[in-house]
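Protein chains: 4
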Amino acid sequence: MNFASDNWAGAHPEIAAALAREAGGFAAAYGDSELDKTVEQAFNQLFEREVAVYFVATGTAANALALAAVNRPGGVSFCHREAHMIEDECGAPEFFTHGARLAPVDGDDGKIDVNMLDAEIARFPPDFVHAGQPMAISITQATEIGTVYTQSEIKSIAAISQRHGLPLHMDGARFANALVALNLSPAEMTWKAGVDIVSFGATKNGCWCAEAVVFTRPELATNFPFIRKRAAQLFSKTRFIACQFDAYLNDDLWLDLAKQANAMAERLRQGIKQSKFARLAWATQSNEVFCFISKTTEQHLKQQGVLFHSWNLPRDKQGIEHQDEILVRLVASFATEQREVDRFVQLLD
Amino acid sequence: MNFASDNWAGAHPEIAAALAREAGGFAAAYGDSELDKTVEQAFNQLFEREVAVYFVATGTAANALALAAVNRPGGVSFCHREAHMIEDECGAPEFFTHGARLAPVDGDDGKIDVNMLDAEIARFPPDFVHAGQPMAISITQATEIGTVYTQSEIKSIAAISQRHGLPLHMDGARFANALVALNLSPAEMTWKAGVDIVSFGATKNGCWCAEAVVFTRPELATNFPFIRKRAAQLFSKTRFIACQFDAYLNDDLWLDLAKQANAMAERLRQGIKQSKFARLAWATQSNEVFCFISKTTEQHLKQQGVLFHSWNLPRDKQGIEHQDEILVRLVASFATEQREVDRFVQLLD
Amino acid sequence: MNFASDNWAGAHPEIAAALAREAGGFAAAYGDSELDKTVEQAFNQLFEREVAVYFVATGTAANALALAAVNRPGGVSFCHREAHMIEDECGAPEFFTHGARLAPVDGDDGKIDVNMLDAEIARFPPDFVHAGQPMAISITQATEIGTVYTQSEIKSIAAISQRHGLPLHMDGARFANALVALNLSPAEMTWKAGVDIVSFGATKNGCWCAEAVVFTRPELATNFPFIRKRAAQLFSKTRFIACQFDAYLNDDLWLDLAKQANAMAERLRQGIKQSKFARLAWATQSNEVFCFISKTTEQHLKQQGVLFHSWNLPRDKQGIEHQDEILVRLVASFATEQREVDRFVQLLD
Amino acid sequence: MNFASDNWAGAHPEIAAALAREAGGFAAAYGDSELDKTVEQAFNQLFEREVAVYFVATGTAANALALAAVNRPGGVSFCHREAHMIEDECGAPEFFTHGARLAPVDGDDGKIDVNMLDAEIARFPPDFVHAGQPMAISITQATEIGTVYTQSEIKSIAAISQRHGLPLHMDGARFANALVALNLSPAEMTWKAGVDIVSFGATKNGCWCAEAVVFTRPELATNFPFIRKRAAQLFSKTRFIACQFDAYLNDDLWLDLAKQANAMAERLRQGIKQSKFARLAWATQSNEVFCFISKTTEQHLKQQGVLFHSWNLPRDKQGIEHQDEILVRLVASFATEQREVDRFVQLLD
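Protein chains in written order, with this note's numbering: chain A, 1 to 349; chain B, 1 to 349; chain C, 1 to 349; chain D, 1 to 349.
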């Protein structure tokens, strides 16, 4: 029973098969193969417009280079206080932007509060050289704590970004999980709602390694080929990424995988709701479930071989009564099986 | 007939099979899986000592982060004028070292000339703050023009690096090809000859994507985990790299693949030597062959579907008489078949 | 009546005279003149030990390069939320450290709270590569809101820095004002209390431009000459800085100037305490006074030609009742005259 | 007899007087004082058009930040092989541009050869991501070896920069010396010849510390206020720079000082031409003279108290026969007196 993280799963059999199929023969390197072009077209269709798509090695690279593409000297980017960029990327966004700052914005349920965002941006008046200058806004979809921005919430943030002339970035490490939760199209969840750049993650949802930066406004990507190459993120045998995306997007595999992960999370939620040994910490919609358990229960579960991580209580939840329990995160993935979920729920009985 | 580059080949079937085999099940992410540990041990055995090994996404990343690990403010690294670092990495080494400089050193046959190296280092007297300070020496093995440093040549350069207290780095994008050409062990070609850090490349020799920075003096790697993570080069599903290296190093597969590539290059050399439509430009020992052909021959070959790149005449070869011919590079890889080589040689008849 | 900032004052006559005296003749450039050496000796005496002292152009440079000297990849430095580094340096500390982060720590009266500092550092467990690694602690003396750390408070912070192996930096843009307020020696306020690096500012206290980074542990400065030169902060005619410091430190001029500034601030405080049109916002000890006034009073003062800046209410003061008043900062300097203070106080009557 | 460097001289009495005059009173900091505005206007008049002018601390800062203003990822700037940027700035240009490279271009007499420049730029084809992309061209006026580009030579280089869409920068550390040598106006030597950005140096010509970046195309400076502040190069008491420039530009003082320096250099040249103990190495036009002397003569001169530096033979001069002599550089400045020159010439008799 492994609920540690969706990146503990391996690759879906279709992905592995694609890698095997593509292994033979010769093809142009550095993004120039036929398959690379095919996948670029697939992204255009997916987003229902011409986009600029660039493969990179990691989700951290996607986020950091997306910001690098819109970098300004003394720049300040605004993201939620618990964003992956701030908490888990070892300063990569700051490094690739030569020291641009990430300004944490608070907000309930892991989502940026629009009023707080406005107030935070107001701390950097135009031309006040001492404070630095606003540069970008970034939201995480699904968020780090398993919640999902509605399209209308995205539009509210986009309205602020447009008012200040700031590009809006979406960290989509769990893009597919949010998408199927909202039942929106990629276009609806991104550029139709005002998102300019997407870190499009597929690794957590069944690929070995498939991350891309997608510019829904390709004019923002003018220098990106040089930014990516200088960042040592241009693979030579790009086919090995392209064939993963090819299989991933083919025949809605990616949506099916995300639905499976979300459904397993939902089953976890149902089970926890019934249990007297665990309490849901807050409502989630995607493939992550957060709950409180006692230290005794924690020990019991670990002894039974259940894997999961404990989690820090988010700032906006710090009023929650939790009676010496610990907060834990349970992540479902495409590879999570129903019987594993059911065994886990049984253990909570 | 594809001699464009060894990175136009895909992956060896054993590598693809390993990826498929490993796809199932769960394993710890970010380098903590059992297989990650197994491969680390394999590197220790390979190098006959404890080394520190870190997977990264690209050869450029390996080179740039190796320098970052030994970075000094105002630092200057010395490498051959035609080094990949200088010619083909879009400034990544400079970027990851915050502007440290690559000082080109000349030398025949793509190899650093020891006297010129000494003279170049002498331009940076200790404590002369205006010029900057020496930081590292880097050699490429096999070189960009297909030649190979002998162990004794490496030792001569290492003697200089030790005299000046500079770490010696080896760009081993074609490490295996050089190794089998010299018939040395990895230990003999590296730390026993004075090499401190190796960019250990496997991508060009049959993997999809498998590059590692190997510190033969692990104490140089103290900060490297943070350097790599901040550089967005820490994969989450590290198993997908580990399983490639596992298969690659298993049962001498890697040496067999390099031998095949080198043998095909040797067969090309023999064929060209016999031809009156092509002349070997210089002696090479690894899997790259450089020759002069006329523009007519070039056109003829291209019409027959032969793929290859033209090449700039290296500085030390600029006295070579080449009668309006062009210089071309032919690269053999693990995937190059004898009948393709023979067809090519026939075309030259 | 100018209370806008101590950097609105010019230079003390002794400083101007020194510049004129030194103008003639020739002297070695780039820090090698006799006078440069003399001033270095003066710093050794001042700090009662051998220190390493480096002139730089601005206080921001002193702070940013001090951090650069102790930089680590993925590094995190801890300073008070209202620190100049965070609020007013346009990201220079992040820039010069290639993206190291400034983690804001809260605390009353503009001073780091020791427990909060401990808790903040604990968020970065050793070897947890995702979060980054602690790198330095920085305190501001006098603080941005005019308060002063006692020697015992400094020692408490130093105890934490030592426990975590972190260097302790002091932003001494108003070093002299704090020193005379505490009646300590430079040694007592710095290395005897555990401070390793000082941004030693003299500009705000009567020089045109005289800032230095002082390493009380010179071994931390090994690479600093290169760090400074690469940062374009090595003046050629260093005499022009040296002669300012020479005059500044001579015959306790610097202490006299700071005492004058502090005394004028004290006189302001006394006047405000008596006034019914202004209320002291909090106790200050150095040359800055913060008070609440009504918008009517603000307008009245401005009409009478008083210059001052309004100020954001610090986070720990946000509970203060201030009845639609605004918070303003009044800064006294060496050049502030008693009659100006008295005229200001009269206006408040 | 001090011919070591023009930065060994102090400040002209007019400059020192200006600093003393300006010392009193209060004025807005950070570039907002009346005097700052006055000097900005003076630059507009000087250049006969609206320019954007920014004070910085050093000539290295001016050069490095000028490049930072036109930075591109993977960028390559072209300058003469012996340029100060390459030889004497400890990697500052690379640092401030996050690793952009300086590509050395050869050329006789310390000046970029137009054909070689063209050939060097051609090595970076547009969109060839591996090599990087051209970013700027920089010339030094007067050059490091005392020669001066004619207006027509500048125009030839500007034609190339325009063809490639590259801004043209002029390192004017000795701007005035070149200007009076050519008898041109600032406009003629810069934007009328195609120069877009000037490092306008006054320190070497009689100021204590007065360097500025002048954008003759102000639209290139959009982000420069943030670039400068983030670089820790925004002085607080900017009056202390402004008053130096004010005095410097007033009543043609700057031209008079440069004429004096050049005249003293000319007198040196005349003397050396007559001597049998020294030979002019090449023709110079500004305030630097290069000549060959024997080691015996060197010792003799040093014993008599003459100060000067030896110099490396430039690459294009390496065919010069110099019979075991050493090459030395003699620099005249505004402070060089005729009797000192005459004493030196006598010593050569």
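Read the hints as simulated data drawn from the structure, not as lab findings.
Keep in mind that the hints are not guaranteed to be accurate.
For chains that are exact copies, the list does not tell them apart, and a pair is met inside one copy or across any two.
Once the Cα atoms are required to be at most 25 Å apart in a straight line, the calculated DMTMM-like pairs of lysine to aspartate or glutamate come out as [what the hints assert, rightly or not]: (1) 302 x 34; (2) 302 x 127; (3) 302 x 32; (4) 37 x 127; (5) 259 x 298; (6) 295 x 106; (7) 276 x 113; (8) 37 x 88.
Exercise for review: Indicate which option fits the pair residue 37, residue 127 if close means a Cα-Cα distance not exceeding 25 Å: within, between, both or neither.
Suggested key: Only across copies: residue 37 and residue 127 sit 17 Å apart there, 43 Å inside one copy, limit 25 Å.
Review point. Between residue 259 and residue 298, at a C-alpha cutoff of 25 Å, which is it: within one copy, between copies, both, or neither?
Key: neither (28 Å within a copy, 54 Å between copies)
Check your understanding: From the Cα coordinates, with 25 Å as the cut-off, is the pair residue 37 and residue 88 best called within, between, both, or neither?
Key -> So residue 37 and residue 88 pass the 25 Å test across copies only (23 Å; inside, 32 Å).
Check your understanding: Is it within a copy, between copies, both, or neither that the alpha carbon of residue 302 lies no farther than 25 Å from that of residue 127?
Key -> between (55 Å within a copy, 24 Å between copies)
Review point. Which holds for residue 295 with residue 106 at a C-alpha limit of 25 Å: within a copy, between copies, both or neither?
Key: Result: close neither inside a copy nor across copies, 29 Å intra and 31 Å inter.
Exercise for review: Evaluate residue 276 and residue 113 at a C-alpha cut-off of 25 Å and name the case that applies: within, between, both or neither.
Suggested key: neither (33 Å within a copy, 40 Å between copies)
Check your understanding: Is it within a copy, between copies, both, or neither that the alpha carbon of residue 302 lies no farther than 25 Å from that of residue 34?
Key -> Answer is between; shortest inter-copy Cα gap is 19 Å, intra-copy 48 Å.
Exercise for review: Since the copies are identical, ignore which copy is meant and state whether residue 302 and residue 32 lie within 25 Å (CA to CA) inside a copy, between copies, both or neither.
Suggested key: between (48 Å within a copy, 18 Å between copies)
Hint compliance for this structure: hints 5, 6, 7 are broken, all remaining hints hold.
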